[in-house]
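Heads up: the sequence lines are chains S and W, in that order.
Going by this note's numbering, the residue at position 75 of the first sequence is 75; the numbering climbs one at a time, nothing skipped.
Basically this note's numbering = 1-based index in the second sequence + 1000.
Certain hints may be false.
What the hints assert, rightly or not - Computed, partial: chain S to chain W, Cβ under 8 Å:
(1) 45
(2) 105
(3) 127
Said to hold, decoys possible - If you want the footprint, here are the derived chain S segments under chain W, 3+ residues with CB under 8 Å:
(4) 6–19
(5) 24–32
(6) 48–59
(7) 107–119
If you are wondering where the hints come from, they were derived from the structure by calculation, not from laboratory data.
All residues carry an ideal CB built from backbone N, CA and C; glycine is no exception.
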Amino acid sequence: MAPLPEDFAEFVAARSAALLRAAWLLTGDAGRAEDLLQTALAGVWPRWGRIVAGGSPEAYVRKALFSTYLSWRRRRWRFEVPAPVPEPAGAQDVGAELAERDAVRRALARLSRQQRAVVVLRYVEDLSVAETAQVLRCSEGTVKVQAGRALAALRMDPHLRADGDAEVHR
Amino acid sequence: MTDDIRGALIRAVPPLTAPPDRIAQVRRRAARTRGRRTALSLIAAAAATGLAIATPALLSAAGSGRADSRTAGDRPANQPFPTGAAPTSGPAGPDGTDGVGTGRCPAELDLMSQTPAVVAGQDQRLPALPLRAVTLCRYRHVAFDLSAGTARRRAGPVQAPPGEFGAPVDTYVDQRIWRPPSTAPGTPSPGASPPSGGCLMPSPWKDVSVDIVHTVDARGIARQYLLMRITCANPDAPQPARQLEAAVDRLLGPP
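Given the sequences, and given the hints that come with them, work out the whole structure.
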């Protein structure tokens, strides 16, 4: 098996945390998030040299992550089972933190996949409308429409509105 | 507002620890994916080879008796059977895809598929009037989240009089783009927020009726508009599709 390019390993070490965060927001589950991230990385690795030569490897990997996520609905995942993700040592969740996290996770789960992807790209990854449209391969109008619908749904979500700390203000 | 959303989303992410051997797992996945693709390519090549060998015998057997316009009774023996998807209801639409088209409503449909007509219908451009053709399809989807599973056809295809849909489609496309009051019509403000309120308590949450209006405009451009037939508890929720929905219901009946 060919060795991984050294700069690919460095990229993974440097950027995995942010990409994994996005993957968690999309999937709502740590195991599936790791699965999604590894699937995307496995897809870009064979083309890594060309990706780096073309510039913006992070943008390319991000696009691969979101494309993989959006295409997951079309098939059942049968083949890969990621290794168990170890619990962080010494982590102690407070009840309020858990409640807020669960409220946001449930609210995100109520969105469509495309809306979830738009929300993560626009408001967590901080991409512009044009950049978001490029990642999702849709029009800018679609990004605006989906973002508007997602924000409206999040504002109206009963779990978010019930918890004052987690309330999404206008 | 967006800072609140960003903060809430980031706080929601639990501590996520990388597996100690992530790079090794990525490498194994890549190797397995390559192996599967190679195997699938070999299978496809074997199937194509087998088909090329078997077809002349099948053709001569087919040509000897059955009068089926879909088989190759009058096709030269060295040409294979036509391949591709099973025919759906009606002829292929102008976008040449298997989704909804002119005179065509597939029995089952992925409502999230991005065919050229769907993509064209999502942009902000108004259709060139008068419309040349309008096809109506009605589907039922089990969940509010249209990305979950596929929808089943309930009505259509109905070829609607294009003249009755020009104004409703025009109004729908124009009004669904939110514009702040200070902006001239037709110039959406980049990054502006949608109006307050949105749809409160949308209903129903399951078994949702979805109407597809497939149009071909005066320039021959196909556009598709997807209408989720839901109601909102708040009367001030924007309803740009009201006129279009009424036009659809006159032909398909209420959802």
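> Quick check: which numbered hints come out false for this structure?
Replying inline: 3 and 6
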